[in-house]
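Counting in UniProt numbering, the sequence shown runs without a single skipped number right up to 389 at its last residue.
Derived by calculation from the structure, the hints in this document are not laboratory data. Glycine is no exception: its CB is placed at the ideal position from the N, C-alpha and C atoms. Hints may be right or wrong, so weigh each one.
To be verified - DSSO-like cross-link-like pairs, simulated, lysine-lysine; straight-line CA separation at most 27 Å:
| id | residue 1 | residue 2 |
| --- | --- | --- |
| 1 | Lys44 | Lys74 |
| 2 | Lys297 | Lys348 |
| 3 | Lys74 | Lys47 |
| 4 | Lys248 | Lys268 |
| 5 | Lys268 | Lys348 |
| 6 | Lys348 | Lys298 |
| 7 | Lys36 | Lys73 |
| 8 | Lys61 | Lys47 |
| 9 | Lys230 | Lys292 |
| 10 | Lys292 | Lys268 |
| 11 | Lys297 | Lys230 |
| 12 | Lys292 | Lys354 |
| 13 | Lys297 | Lys268 |
| 14 | Lys47 | Lys73 |
| 15 | Lys354 | Lys294 |
| 16 | Lys294 | Lys248 |
| 17 | Lys61 | Lys36 |
| 18 | Lys73 | Lys44 |
| 19 | Lys298 | Lys248 |
| 20 | Lys268 | Lys298 |
| 21 | Lys73 | Lys268 |
| 22 | Lys248 | Lys230 |
Unchecked claim - Beta-carbon label-pair distances, calculated as ranges:
| id | residue 1 | residue 2 | range |
| --- | --- | --- | --- |
| 23 | Arg196 | Ala78 | 15 to 21 Å |
| 24 | Lys44 | Asp324 | 31 to 37 Å |
| 25 | Val49 | Ser241 | 44 to 50 Å |
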Amino acid sequence: RANWVAMSDSTNDAVVESASSSSSRNKKISYGTNIKLPMDLIMKIFKRVPAEILASLCVSKPLASIIRDRDFKKLFLAESSTRPGREVSVATYHRLHPSLRRKNNSSWLHSLICYESYRFGRSTLMVYNSSTRSSTTLPDFDKPKDIFKHMLGYDPVDGVYKVLCMKSRNAFGMPPEVPKRFFEVLTLGDDDSSWRMIQDSPPCMPFNSHICIDGVLYYDAYIVDQGLEKEAAVMSFDLRSEQFGLIKGPCDCLLVKKTTLLARYEGKLAIISIEISANGDMVLWVLEDAVKHKWAKKVFVFPSLWKSLLQCRLNSHRFLNITDAGEFILVPRFSLTPPSYVMCYDSKTQRVRKVVIEGLPEHNLRGRNQAFCSLYYLFYTQAESLMFL
1 RANWVAMSDS
11 TNDAVVESAS
21 SSSSRNKKIS
31 YGTNIKLPMD
41 LIMKIFKRVP
51 AEILASLCVS
61 KPLASIIRDR
71 DFKKLFLAES
81 STRPGREVSV
91 ATYHRLHPSL
101 RRKNNSSWLH
111 SLICYESYRF
121 GRSTLMVYNS
131 STRSSTTLPD
141 FDKPKDIFKH
151 MLGYDPVDGV
161 YKVLCMKSRN
171 AFGMPPEVPK
181 RFFEVLTLGD
191 DDSSWRMIQD
201 SPPCMPFNSH
211 ICIDGVLYYD
221 AYIVDQGLEK
231 EAAVMSFDLR
241 SEQFGLIKGP
251 CDCLLVKKTT
261 LLARYEGKLA
271 IISIEISANG
281 DMVLWVLEDA
291 VKHKWAKKVF
301 VFPSLWKSLL
311 QCRLNSHRFL
321 NITDAGEFIL
331 VPRFSLTPPS
341 YVMCYDSKTQ
351 RVRKVVIEGL
361 PEHNLRGRNQ
371 AFCSLYYLFY
381 TQAESLMFL
């Protein structure tokens, strides 16, 4: 086993000290050598190392200066997105911490999960990195009692993660007057990690789904005017310029009715109907032109092989996500009995596979009434993030 313990701060080259030791009873053997390696070779090696191991190497300041470098983080993220091994995380209620109430407000991107927790009478936002096994609590808002919804995004140009949060002084579903709504944004990892208010926030109410594609956050929302919900649309937020935009949805698509989900299909924004018909049809709308609000409609029919793999009816399932490889991930709405599972469907090859989720404790698989557990919060990790929290 080689432990990398020291490295120079040279710009072009690095001197790495490699040490190995073994012990048997009172006998200890050790040796060390100095190896001169180009910096680009070190980065080429490091980008193939799992994030959890790289995090442990950061105890060395010279190594940490490389691993925490923004350019290396971008290189590592691009490399990890091409690896075949992906991770599916399941969020369950932890009975040992009753102060952390369950909230229907969470977002995830790469290996980061941002979620709302409720502590001591106030809501806070927390971020957990499943790759480095680290977490942090985000700074408090000026008015912590305001109700809010948040979305996690990534700017690939600057290589930074941002959290966009909508705040409201009125509770959702109370339309006597137009509530004062405004957006704030926070950059993760900044020396001055504080919430910044976005000027000229659009009069809209984020509703159900959101996704980040190529540095732009997309979310479905109601456009609000005079306290009335006029129409549904897809809003965009450019994470670099921090500017909002509006995209009209397809005329034959029921946005923000909890029956659609924003996803990425072949690199483009897509709206997927999470409802599956009894005969196995699924509808997908793909954004072709954001300026002209042009969408292309696609219909997929699942093969009959599905029926032999499912534990319940096909229309008792819903869609969770679409992978970069084009696989549709399907989950049962409720898991009545273990084991839980997800279904993966490749629309190009028509191949179907079933992935069983093992290792969940029995008490976490059952809800408050000991009857079922909703599998709504499944987080599919398509890349590892070196965001240190």
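*asked:* Hint by hint, where does the structure go against what was stated? Just the numbers, ascending.
replied: 12, 15, 23, 24 and 25
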